[in-house]
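Q: Going line by line, the protein sequences match chains B and D. When we follow the numbering used here, the leftmost residue of the first sequence carries the number 4, and every step to the right adds one. When we follow the numbering used here, the leftmost residue of the second sequence carries the number 245, and every step to the right adds one.
Note that these hints are calculated values from the structure, not bench results. Heads up, the beta-carbon is just placed ideally off N, CA and C, and yes, glycines get one too. Treat each hint with caution, since some may be false.
[To be verified] Short, incomplete list of chain D residues facing chain B, as computed with Cβ under 10 Å:
no. : residue
1   : I249
2   : S307
3   : P344
4   : L399
5   : A415
6   : E419
7   : E422
8   : K425
9   : D464
10  : D465
[Unchecked claim] When the alpha-carbon atoms are kept at most 30 Å apart in a straight line, the in silico BS3-like pairs for lysine-lysine are as follows:
no. : chain 1 : residue 1 : chain 2 : residue 2
11  : D       : K247      : D       : K271
12  : B       : K74       : B       : K186
13  : B       : K132      : B       : K186
14  : D       : K425      : B       : K410
15  : B       : K589      : D       : K425
16  : B       : K590      : D       : K425
17  : D       : K327      : B       : K186
18  : D       : K425      : B       : K186
19  : D       : K271      : B       : K410
20  : D       : K271      : B       : K589
21  : D       : K370      : D       : K271
22  : D       : K382      : D       : K479
23  : D       : K382      : D       : K425
24  : B       : K589      : D       : K440
25  : D       : K479      : B       : K589
26  : B       : K590      : D       : K468
27  : B       : K186      : D       : K300
28  : B       : K590      : D       : K332
[Said to hold, decoys possible] So the derived label-pair ranges between C-beta atoms look like this:
no. : chain 1 : residue 1 : chain 2 : residue 2 : range
29  : D       : P447      : B       : P398      : 27 to 33 Å
30  : B       : Y608      : D       : L450      : 51 to 57 Å
31  : B       : S309      : D       : P273      : 52 to 58 Å
32  : B       : S278      : D       : T309      : 49 to 55 Å
33  : B       : A136      : D       : T309      : 47 to 53 Å
34  : B       : A136      : D       : S311      : 19 to 25 Å
35  : B       : R313      : D       : E419      : 49 to 55 Å
36  : B       : D554      : D       : S454      : 57 to 63 Å
One letter stands for each residue in the lines below.
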Amino acid sequence: MKKINKLIIALSIGLGVSISSCQKLDIAPVNVLTDDIIFSSESGINSYLADIYRQAPMEDFTYRPEGRDGKGFNIHHEWEHFWRSGAVTGEMVGPYGGMDIGGGFGYWPYDKIRSINYMIQTLPLYTSKLTEAKVNQLTGEAYFLRAFFYFALAKRYGGVPIVKTVQNYPEQTIEELQVHRDKEEDLWNFIGEDLDLAYSLMPETSVSGKANKYVAAALKSRAMLYAGTIAKYGSVNFVDGDARSAGYVGIPADKANGFFTKAVDAAKLLEGHYSLYNKNANKELNYADAFLDNSSPENILVRDYSISGRTAHSWDAVYSPRPMTGDGLSRAYPTLDLVERFSMLPITNADGTPRRFNNLSDLLPGLEPRLLATVYFPGATLRGLPFDTQRGIYPSFNGTAAAEVAKLPTERSYRLAGGTDALYEGKRIIGITGIRTAGDDYTRTGFYVRKYIDYKRPQNECILFNSTTHWIEFRYAEVLLNRAEADIELNNSADALTCLNLIRSRAGAPAFNAVDVTVNGVRNERCKELAFENHYWWDLRRWRTADVVLDNARFKGLMPYYVSNENKFIFLSEPETFGRNYNFDKKYYYEPIPGGELGKNPNLYPNNPNY
Amino acid sequence: MKKLISRILLGVGILASSACTKIDNFKAPDASFEGRLIDVSTGGSFQTSTGSVRIKLEQISWSETPSPQEIPSKMDGTYKDSKLFKGKYRITPIGGAFWPVYEPVEMDISSGSNHDFELTPYLVIKNLTQVLTGTSLKLKFNIESPVEAGLPKILDAQPYVNTTRLVGAGASIREYSETKKVDINKNWADMTAADKTIELTIPDLLPGRSFFVRVGVRLDDSYKSSNFSEIIEVKVP
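All chains should be modelled from the sequences, with the hints used to inform the complete structure.
A: The structure is reproduced here in structure tokens:
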């Protein structure tokens, strides 16, 4: 009986299979998205665009300037945000051993540019389904994104091929696809033109994370300022070579003012539509909140992160010391050199002896609120815990600060320690938050980063891949600084003074007078306002000052000590504890064209000078 | 058991014999290239240091756009690479403080090839004298320029002190070298005769030791390279 049952089952299965097999399998593949599916509905386009936005060259929390696994942007599961460009430029000191980022990571996003070109070409075919307004908006976004990618290429390599139509293989021959480099000047002009188109096509507002016309104007002010300074300073300090003679790198100096004018004009477009964050009368808290508040009127374009979307970053876990976080560790620390851009600290008396303080926090009153909101000083507090940062104990201290620092370590009477268990006369030699004689997961300089630290987040939530603070790619303060810098280059100092004083007033700094409005004045203001936001590296490059600032440079820290017999604290300005050297080779003003691309396309030669 | 062993042996035998198969279709690089860098102003060796002069090789018989390779020069102004592929190369000395070589040499390199390059230094360091007072060393020298027009800005001068004969940039004791740098920051035309006589002082040398010392003057060219003096030995009693 069982056998018969089995036979019946087998027969029926066989019959079923053979009958159904006669159907023709000629249906459109359901797992391939066609143009019709993507471009005929808004949701289809949104998902197409989302991928491009996700890959947009924003140097955000996770950006890794020397790359990792061949990528620098949007690296999967990157938590080590202390590998940051600020950590080779003297804004911070960190894990880099020196100039480890000069060669870049071979960024070459022509695949994204192709996606954008495809979108620009295809959208007009779907005007009837999407409405003209929608097509205009989306085309504008595409032009903005294309300019953004080319901007990221131009600031790295100078002139690269401008590809504005979709290339197809094998329809086109290899020879046709091996495009030539364009001149650097032409590339910056092309970026400006794309952004003009984007500005004219897009509406005034957009949802968070997406571009509108003012985002395009903000990028234009940044890009044109870059081009202007490259034209002006790159024609004085440059490396000679074939690529320069051909115009692939370098812009003629007489083109500088044209670019500066465009930068000012673009920046002025945002006036009245965005403003500096000024919600809190407490200037220090206000400045800290400017980076945390989603509703800030200063934010022009942000990138959002979410835990459920698995895009959350780890800023809170890797920029504060472990006792104040849930896990992770820190490795990059602001330098005293950055802090002294704000003002010299009152740590030394007129006679050269170190000033005595009863508490570490007695140093803080009177310092610029923006400074206190940018770095955590010894004596500050976070999540109710004090930064008790202390490098060591002096049994007694005589003489001047300068004489003490000039001594060899073996001649100094201080007690240092590698851990918090070391005691001197019953007192801990170093603080819980540093400064240790070894290791770098506690501060090397006395400071910790405060910008973007979500101080309201509970400690147990400050763990890896759990921070959701948005990244502000464009904020109005930068646009004002772009405008002020271009103004000064054009000798238009009245307008620059207005912009700079808006920023300084919000920062809680005394207003500038006309005499302060100099090239160095505006640059210093920019370094302070945009610290840790991955601007300084590009600024040093476009000002062509990197080889001077990073000329065997060593950076300083602020070292707090406890003087035991006096029961007081002193602060000494000393080299950061690792004593690392930072150098910049002039050829790094441009990155080398990636070797793999040179191998595929000989028309990318000549490579940039000295590579 | 015997069967198993013989099978394993058979397997090993097959692997071993197949491992002898030749698959590399290229000969090992057996060409060599060596030579000297000659300072045309003195006729002697061009003074170099770590990370200074390199010989850039582009194998043009391999590709029209070859990736460059470099031979670093030795401290005595010679260079040698004995593991090169035979072929035609475009050869340019780069990286040091000499007037750029705009007309590279093109030559076939095979085993035993050699070529000497004549380089015109930006600056020549002359009359280097040392005076040791106690543990304090005073170095005095003049700088001269074989070609003055278009000379890059002169940045600074510094001593290089080391305990071995390998002394120069990147091979010196920081406290006796880097920190004793003297800024100049002048164009050649703006330098007076007095500016061209430079004095460097290195105090507090460790007594009872021998040091190897040279001086360098750095220029603001593409490489920020330095012209070096010859190496002298200083015995601190």
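Q: With reference to the structure, classify each hint as holding or not holding.
A: Results for each hint:
With its C-beta approaching chain B no nearer than about 46 Å, I249(D) sits outside the 10 Å limit, and its interface hint is violated. Proximity of S307(D) to chain B holds as hinted, the smallest CB-CB distance being about 8 Å (cut-off 10 Å). Interface hint status for P344(D): upheld, as the beta-carbon distance to the closest one in chain B is roughly 7 Å, under 10 Å. Given hint, L399(D) at the interface with chain B, holds; its Cβ is 9 Å from that chain's nearest Cβ, closer than 10 Å.
With its C-beta approaching chain B no nearer than about 14 Å, A415(D) sits outside the 10 Å limit, and its interface hint is violated. At about 9 Å, the closest approach between the beta carbon of E419(D) and any beta carbon in chain B falls short of 10 Å, and the interface hint on this residue holds. For the restraint placing E422(D) at the interface with chain B, the shortest Cβ-Cβ distance is roughly 6 Å, inside the 10 Å limit, so the hint holds. Interface restraint check: K425(D) against chain B, minimum CB-CB distance 9 Å, threshold 10 Å, status holds.
Given hint, D464(D) at the interface with chain B, holds; its Cβ is 8 Å from that chain's nearest Cβ, closer than 10 Å. Hint status for D465(D) relative to chain B: holds, with the closest Cβ pair at about 9 Å, below 10 Å. Restraint check for K247(D) and K271(D): the C-alpha separation of about 42 Å exceeds 30 Å, so the hint is violated. At most 30 Å may separate the alpha-carbon atoms for a hinted pair to count; K74(B) and K186(B) meet this at roughly 26 Å.
A hinted pair counts as satisfied when its Cα atoms are at most 30 Å apart, and K132(B) with K186(B) does not qualify at roughly 40 Å. For the suggested pair K425(D) and K410(B), the alpha carbons sit about 19 Å apart, so the restraint of at most 30 Å is met. Only pairs whose Cα atoms come within 30 Å are accepted, and K589(B) paired with K425(D) is accepted, the gap being roughly 21 Å. Distance check on the hinted pair: K590(B) and K425(D) sit about 24 Å apart at the alpha-carbon level, within 30 Å; holds.
For the suggested pair K327(D) and K186(B), the alpha carbons sit about 38 Å apart, so the restraint of at most 30 Å is broken. A hinted pair counts as satisfied when its Cα atoms are at most 30 Å apart, and K425(D) with K186(B) does not qualify at roughly 40 Å. For the hint pairing K271(D) with K410(B), the CA-to-CA distance comes to about 59 Å; that exceeds 30 Å, so the pair is violated. For the proposed pair K271(D) and K589(B), the alpha carbon gap of about 38 Å is over 30 Å, so the pair is violated.
At most 30 Å may separate the alpha-carbon atoms for a hinted pair to count; K370(D) and K271(D) exceed this at roughly 48 Å. In summary, the hint linking K382(D) to K479(D) is supported, as the alpha carbons are separated by about 13 Å, within the 30 Å threshold. At roughly 13 Å between alpha-carbon atoms, K382(D) and K425(D) fall within 30 Å of each other, so this suggested pair holds. For the proposed pair K589(B) and K440(D), the alpha carbon gap of about 26 Å is at most 30 Å, so the pair holds.
With a CA separation close to 38 Å, the supplied pair K479(D) and K589(B) exceeds the 30 Å bound. With a C-alpha separation of about 11 Å, the suggested pair K590(B) and K468(D) falls inside the 30 Å cut-off, and the hint holds. Under the criterion of a C-alpha separation no larger than 30 Å, the hint pairing K186(B) with K300(D) is consistent with the structure, at around 26 Å. Only pairs whose Cα atoms come within 30 Å are accepted, and K590(B) paired with K332(D) is accepted, the gap being roughly 27 Å.
Look at P447(D) against P398(B): about 29 Å separates their beta carbons, and that is inside 27 to 33 Å. A C-beta distance of roughly 52 Å is found between Y608(B) and L450(D), which places it inside the suggested range of 51 to 57 Å. Between S309(B) and P273(D) the beta carbons are some 55 Å apart, a value that agrees with the proposed interval 52 to 58 Å. Take S278(B) and T309(D): their Cβ atoms lie about 52 Å apart, and the range 49 to 55 Å holds.
Distance hint check for A136(B) and T309(D): the Cβ-Cβ separation is about 48 Å, which falls inside the suggested range of 47 to 53 Å. The hint said 19 to 25 Å for the Cβ distance between A136(B) and S311(D), and at roughly 51 Å that hint is violated. Evaluation of the 49 to 55 Å hint for R313(B) and E419(D) yields a pass: the beta carbon distance comes to about 51 Å. Our hint of 57 to 63 Å for D554(B) and S454(D) is violated, since their Cβ atoms are close to 31 Å apart.
Hint violations for this structure: numbers 1, 5, 11, 13, 17, 18, 19, 20, 21, 25, 34, 36, all remaining hints satisfied.
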